[in-house]
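Chain order of the listed sequences is A and B. Going by the numbering used here, the first sequence opens with residue 30, and the numbers climb by one from there. Going by the numbering used here, the second sequence opens with residue -19, and the numbers climb by one from there.
Please keep in mind that the hints were generated in silico from the structure rather than gathered at the bench. Everything numeric in this text was worked out from a predicted model, so none of it was measured. Glycine residues also receive a C-beta, built at the ideal position from the N, C-alpha and C atoms. Honestly, I wouldn't trust all of these hints.
[Unchecked claim] Looking from chain B toward chain A, a few residues come up when the C-beta cut is under 8 Å (computed): (1) P(-16); (2) T(-15); (3) T(-13); (4) A(-12); (5) A(-11); (6) V(-9); (7) A(-8); (8) T(-5); (9) G(-4); (10) F3; (11) E7; (12) L10; (13) N11; (14) R14.
[Said to hold, decoys possible] Keeping only pairs whose Cα atoms sit at most 27 Å apart, straight-line, the calculated DSS-like set for lysine-lysine is: (15) B:K4 - B:K21; (16) B:K18 - B:K33; (17) B:K21 - A:K164; (18) A:K164 - B:K4; (19) A:K164 - B:K13; (20) B:K76 - B:K60; (21) B:K18 - A:K156; (22) A:K156 - B:K4; (23) B:K18 - A:K164; (24) B:K4 - A:K38; (25) B:K13 - A:K38; (26) A:K156 - B:K13.
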Amino acid sequence: MRSFFKAYKDILVYHDYGPLLLFWNVADLANNRVLWMSYGEALDGGNEWAYFQYCLYFVVALGMLFSLPNIRSCSRFVGTYLLLYIFSTTRFLVNVFSDPEFAAGEVGRSIVVTSVYFTLWVWIYVKMRVEIMHKDLRG
Amino acid sequence: MDKPTATAALVAVVTGAVSAGAFKFYEFILNQKREVQKEEKAEQALYRDDLIKRVEKLEEERDEHLQQIIDLMTEVAGLKVEVGYVKRENEILKLKIDAMR
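Just chain A, with the same shape it has in the complex (with noise of 0.2 Å):
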């Protein structure tokens, strides 16, 4: 049973991100709202703040995906990624605390999932700067 955990403990630490950035990074450019939504359309909806929201992680997203190669840009393009998912989930936690009406909804599915992405987000992003500092300290 202990070997299995390590297993697991392995896969974190020593495993790398790469191709799952790239898959994970492909399928969110695809989900994103921005392609499948118009500007009017958000805006008849009263999204339009969503909608910039969405625009933004676009344009991170498509950041990070031409700058793979360079795992130094990479990076920031992750770290900026990461504080706009603060930034929202964050926005997003303030709502369903203040506003009764809006924890009506599906809010735990919804923070079970923001959290599992954040972490995930978060692994990627200390994999980049920790290989970053070691190349570093390297030379």
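Got chain A sorted already, so can you dock chain B onto it with the hints?
Okay, now just chain B, sitting in the frame of chain A:
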């Protein structure tokens, strides 16, 4: 800017600043570890260089001593031959003295 947006922006900025600081600190720790490793390696290299010098010196001395032994053995061999001749001459002289008596 509404309250949730302001809060979210503040949290994002603070998180960014804290994580940047944490990474700087981790970098500092790694640097320190690296410096200690470098010092240890330098000490080991110093000890190794000293050992190499000592081995070289001992090998030179061994070669010199081997040459001295070879010279001495040659000399001893020459002396053995000489002693053999002297012994034989001595025997001849003894026989000559006996014959004269």
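Status of the hints after comparison with the structure:
1. Residue-level restraint check for P(-16) of chain B holds (minimum Cβ-Cβ distance to chain A is 4 Å; threshold 8 Å).
2. Hint status for T(-15) of chain B relative to chain A: holds, with the closest Cβ pair at about 6 Å, below 8 Å.
3. A least Cβ separation of about 5 Å between T(-13) of chain B and chain A falls short of the 8 Å threshold, and the interface hint therefore holds.
4. Checking A(-12) of chain B against chain A by beta carbon gives a least distance of about 4 Å; that is within 8 Å, so the hint holds.
5. Interface restraint check for A(-11) of chain B: the shortest CB-CB distance to chain A comes to about 6 Å, inside 8 Å, so the restraint holds.
6. Taking 8 Å as the C-beta cut-off, the interface hint given for V(-9) of chain B holds, the closest approach to chain A being about 4 Å.
7. At about 4 Å, the closest approach between the beta carbon of A(-8) of chain B and any beta carbon in chain A falls short of 8 Å, and the interface hint on this residue holds.
8. Checking T(-5) of chain B against chain A: minimum C-beta separation of about 5 Å stays under 8 Å; hint holds.
9. Proximity of G(-4) of chain B to chain A holds as hinted, the smallest CB-CB distance being about 5 Å (cut-off 8 Å).
10. Restraint check, F3 of chain B versus chain A: the minimum CB separation of about 6 Å is within 8 Å; hint holds.
11. Using the Cβ-Cβ criterion of 8 Å, the hint placing E7 of chain B at the interface with chain A is satisfied: the shortest such distance is roughly 5 Å.
12. Given hint, L10 of chain B at the interface with chain A, holds; its Cβ is 6 Å from that chain's nearest Cβ, closer than 8 Å.
13. Annotation: interface hint on N11 of chain B holds; nearest CB of chain A at approximately 7 Å, less than 8 Å.
14. Interface restraint check for R14 of chain B: the shortest CB-CB distance to chain A comes to about 5 Å, inside 8 Å, so the restraint holds.
15. Between K4 of chain B and K21 of chain B the CA atoms are separated by roughly 25 Å; this keeps the pair inside 27 Å, and the hint holds.
16. The suggested pairing of K18 of chain B with K33 of chain B holds, with an alpha-carbon distance near 22 Å, which does not exceed 27 Å.
17. Pair hint K21 of chain B plus K164 of chain A holds up; C-alpha atoms about 19 Å apart against a cutoff of 27 Å.
18. Only pairs whose Cα atoms come within 27 Å are accepted, and K164 of chain A paired with K4 of chain B is accepted, the gap being roughly 15 Å.
19. Taking the CA atoms of K164 of chain A and K13 of chain B, the gap is near 15 Å; set against the 27 Å cutoff, the hint holds.
20. For the suggested pair K76 of chain B and K60 of chain B, the alpha carbons sit about 24 Å apart, so the restraint of at most 27 Å is met.
21. Our distance criterion of 27 Å between C-alpha atoms is met by K18 of chain B and K156 of chain A, whose separation comes to about 24 Å.
22. Distance check on the hinted pair: K156 of chain A and K4 of chain B sit about 15 Å apart at the alpha-carbon level, within 27 Å; holds.
23. Straight-line distance between C-alpha atoms of K18 of chain B and K164 of chain A comes to about 16 Å, which keeps the hinted pair within the 27 Å bound.
24. Between K4 of chain B and K38 of chain A the CA atoms are separated by roughly 25 Å; this keeps the pair inside 27 Å, and the hint holds.
25. Of the supplied pair hints, the one linking K13 of chain B and K38 of chain A holds, its CA atoms being roughly 24 Å apart against a limit of 27 Å.
26. Distance check on the hinted pair: K156 of chain A and K13 of chain B sit about 19 Å apart at the alpha-carbon level, within 27 Å; holds.
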